[in-house]
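Engineer: Next come the chains, spelled out residue by residue.
Protein chains: 2
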Amino acid sequence: MNVDVLVVGAGPAGLTAGIYCVRRGLSALVCEGKIPGGTVAITPWVENYPGFKRISGVELAQKIEEHAREQKVELKQDAVVSVEKKGVLFEATLAGGEKVSSKAVILAMGAMHKSLGVKGEKELSGRGVSYCATCDAPLFKKKRVAVIGGGNTALSSALLLLSLASKTFLVHRREEFRGEEAMLKQAEQAGVEKIVPFIPLEILGKSKVSGLKVQHAKTLEEKTLELDGVFICVGEVPASELAKKIGVTIDKDGYIQVDKECRTSVEGVYAAGDITGWLKQIVTAEYMGAQAAISAFEFIKKEKVKGIIH
Amino acid sequence: MNVDVLVVGAGPAGLTAGIYCVRRGLSALVCEGKIPGGTVAITPWVENYPGFKRISGVELAQKIEEHAREQKVELKQDAVVSVEKKGVLFEATLAGGEKVSSKAVILAMGAMHKSLGVKGEKELSGRGVSYCATCDAPLFKKKRVAVIGGGNTALSSALLLLSLASKTFLVHRREEFRGEEAMLKQAEQAGVEKIVPFIPLEILGKSKVSGLKVQHAKTLEEKTLELDGVFICVGEVPASELAKKIGVTIDKDGYIQVDKECRTSVEGVYAAGDITGWLKQIVTAEYMGAQAAISAFEFIKKEKVKGIIH
Numbered sequence: 000m001n002v003d004v005l006v007v008g009a010g011p012a013g014l015t016a017g018i019y020c021v022r023r024g025l026s027a028l029v030c031e032g033k034i035p036g037g038t039v040a041i042t043p044w045v046e047n048y049p050g051f052k053r054i055s056g057v058e059l060a061q062k063i064e065e066h067a068r069e070q071k072v073e074l075k076q077d078a079v080v081s082v083e084k085k086g087v088l089f090e091a092t093l094a095g096g097e098k099v100s101s102k103a104v105i106l107a108m109g110a111m112h113k114s115l116g117v118k119g120e121k122e123l124s125g126r127g128v129s130y131c132a133t134c135d136a137p138l139f140k141k142k143r144v145a146v147i148g149g150g151n152t153a154l155s156s157a158l159l160l161l162s163l164a165s166k167t168f169l170v171h172r173r174e175e176f177r178g179e180e181a182m183l184k185q186a187e188q189a190g191v192e193k194i195v196p197f198i199p200l201e202i203l204g205k206s207k208v209s210g211l212k213v214q215h216a217k218t219l220e221e222k223t224l225e226l227d228g229v230f231i232c233v234g235e236v237p238a239s240e241l242a243k244k245i246g247v248t249i250d251k252d253g254y255i256q257v258d259k260e261c262r263t264s265v266e267g268v269y270a271a272g273d274i275t276g277w278l279k280q281i282v283t284a285e286y287m288g289a290q291a292a293i294s295a296f297e298f299i300k301k302e303k304v305k306g307i308i309h
Numbered sequence: 000m001n002v003d004v005l006v007v008g009a010g011p012a013g014l015t016a017g018i019y020c021v022r023r024g025l026s027a028l029v030c031e032g033k034i035p036g037g038t039v040a041i042t043p044w045v046e047n048y049p050g051f052k053r054i055s056g057v058e059l060a061q062k063i064e065e066h067a068r069e070q071k072v073e074l075k076q077d078a079v080v081s082v083e084k085k086g087v088l089f090e091a092t093l094a095g096g097e098k099v100s101s102k103a104v105i106l107a108m109g110a111m112h113k114s115l116g117v118k119g120e121k122e123l124s125g126r127g128v129s130y131c132a133t134c135d136a137p138l139f140k141k142k143r144v145a146v147i148g149g150g151n152t153a154l155s156s157a158l159l160l161l162s163l164a165s166k167t168f169l170v171h172r173r174e175e176f177r178g179e180e181a182m183l184k185q186a187e188q189a190g191v192e193k194i195v196p197f198i199p200l201e202i203l204g205k206s207k208v209s210g211l212k213v214q215h216a217k218t219l220e221e222k223t224l225e226l227d228g229v230f231i232c233v234g235e236v237p238a239s240e241l242a243k244k245i246g247v248t249i250d251k252d253g254y255i256q257v258d259k260e261c262r263t264s265v266e267g268v269y270a271a272g273d274i275t276g277w278l279k280q281i282v283t284a285e286y287m288g289a290q291a292a293i294s295a296f297e298f299i300k301k302e303k304v305k306g307i308i309h
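Protein chains in written order, with numbering that gives the first Met the number 0: chain S, 0 to 309; chain L, 0 to 309.
By construction, these hints were calculated from the structure, which means they are not laboratory data. Some clues are possibly wrong.
Note: identical chains are not told apart, hence a pair may lie in one copy or across any two.
Claimed, not checked - Derived DSBU-like pairs (lysine-lysine); straight-line CA-CA distance at most 30 Å:
| # | residue 1 | residue 2 |
| --- | --- | --- |
| 1 | Lys-84 | Lys-243 |
| 2 | Lys-207 | Lys-251 |
| 3 | Lys-222 | Lys-62 |
| 4 | Lys-71 | Lys-33 |
| 5 | Lys-140 | Lys-305 |
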């Protein structure tokens with residue numbers, strides 16, 4: 000099939016890109032291998048999307064999807080496996096075998112947090128186990144929490160939690176932190192308790208988190224921290240495989256590099272949302288989706304005037 | 000009074016900044032001389048804020064305000080007349096005379112579109128008269144519209160409308176356009192009809208726009224265009240007076256210059272929303288409000304560690 004803009008990924012970034020494309024008179028196909036909604040759809044509660052005081056992630060994802068459908072955005076539940084430029088158009092191949100040709104492409108495949116892979120993690124996710132301090136820190140006011148990880152995200156999460164929680168532990172398997180020294184110092188001065196070098200073994204709790212069992216990396220000594228919350232900040236994996244194939248510039252962590260107009264290094268290809276490494280929030284994804292759609296619109300107009308595409 | 004962060008302006012940018020501050024454990028005061036909601040509150044209908052298929056601007060503004068109140072953001076209906084750095088803190092004076100001292104400041108005063116100042120403009124605003132093509136173009140599918148103005152906003156609005164409307168006029172009082180030559184060419188090639196040099200005299204219509212009366216700048220010949228919509232793109236005035244007083248860098252059009260983290264040229268001062276000249280949309284304002292709050296939070300943490308503030 001032929002469309003003006005192919006949008007890869009149906010989280011808030013992709014769906015908003017679709018809405019803004021269609022409202023500018025472009026046809027847009029939004030492809031998604033999984034269910035629409037992206038990370039929002041697997042977020043228990045959202046309290047920081049302005050206009051909705053408190054809404055379940057599933058419900059918000061559905062509302063945004065319905066909004067896109069109302070605006071005549073075409074949605075397809077099929078993953079995009081490759082995109083390449085063929086002449087003046089982009090040609091995508093979907094997992095189901097279908098070919099889609101488009102004048103511009105918006106990449107909005109998101110990023111997945113890495114799992115710790117310990118017992119209790121999956122069972123207690125959303126019940127004290129969180130992967131996003133910016134989203135969930137307010138739920139742990141005056142509670143006891145541990146942040147697991149050694150990078151900047153772990154350190155900034157600890158700093159944030161320190162100002163809200165009654166007690167904040169920072170658990171890391173090594174003595175050294177990958178994150179910035181200055182941030183680590185800030186966290187230490189603000190009263191974080193470092194638990195290093197300790198390896199998380201199990202998150203404890205029945206219906207909600209009650210503790211974390213850890214083991215010393217060298218002595219193998221085991222101990223249990225009594226906790227209300229565990230923030231797992233052990234890294235993220237941007238879903239940028241497709242981006243590599245198209246040849247857009249990616250930073251050392253795998254995020255697609257974009258400018259303020261959401262342009263990538265390849266003309267006609269734009270990126271929006273978590274895959275860019277910008278602030279991982281719904282409002283960011285939506286802003287970038289809108290901006291990417293407008294940049295795609297302007298690109299297509301220009302190419303039409305030049306007589307390159309029709 | 001003392002707060003951690005003073006937010007100036009209660010549109011979507013300011014209110015979102017307030018929400019994100021409070022959720023990080025900072026106290027935030029949002030000051031606004033007029034009613035909360037900013038430009039949204041005077042927008043008839045919003046159809047491109049994801050999650051709400053169609054909502055009146057007033058209702059959406061109220062929802063965002065209620066959301067901020069629910070999160071314990073403090074709102075004050077009082078204009079900020081000056082802000083200056085006194086020692087390590089910022090001291091603001093409100094129109095009512097009150098002094099507010101804060102550790103960081105977020106500027107979100109918005110921008111006002113300029114009025115044309117002709118008969119019928121005010122009466123038919125939201126009834127065919129619009130100031131935002133990105134927002135309202137879809138309402139004019141297969142209709143006849145005129146864009147008034149000679150700058151880039153007028154040209155990009157004409158380009159957008161050309162792809163949706165059945166007929167697009169571009170009315171400008173001079174033969175020469177201030178906007179980019181390339182965009183003008185695009186618009187001409189795409190079929191815009193230039194009405195130059197013609198001065199708008201009156202927007203016609205009873206309950207909705209039916210036409211535009213214009214007069215030739217030299218011959219004084221008058222004529223009437225039959226229309227369904229009039230887009231007034233004669234400029235914007237960013238409310239940046241206060242910003243000038245604080246000394247942040249402003250571009251030639253009066254917009255506050257910020258980086259991706261919404262930092263201005265003055266440490267501890269951040270800006271978000273329409274006042275920055277970024278894409279004038281609710282999703283942009285909210286993203287920037289969130290990002291400005293996070294930057295303010297990080298600044299305050301750092302200053303605390305250094306022992307500069309407490």
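Engineer: If a hint holds in the structure, say so; if it doesn't, say that too.
Structural biologist: Here is how each hint holds up against the structure:
For the homomeric pair Lys-84 and Lys-243, the shortest alpha-carbon distance inside one copy (13 Å) is at most 30 Å, but the shortest distance between copies (47 Å) is not. For a Cα distance limit of 30 Å, the shortest separation of Lys-207 from Lys-251 qualifies neither inside one copy, at 36 Å, nor across copies, at 55 Å. Proximity of Lys-222 and Lys-62 under a CA criterion of 30 Å is satisfied in neither setting, with 44 Å inside one chain copy and 47 Å between copies. Taking identical chains as interchangeable, the C-alpha atoms of Lys-71 and Lys-33 lie at most 30 Å apart only when both belong to the same chain, with a minimum of 20 Å there against 37 Å between chains.
With identical chains, the CA atoms of Lys-140 and Lys-305 are at most 30 Å apart between copies only, with a shortest distance of 25 Å across copies and 58 Å within one.
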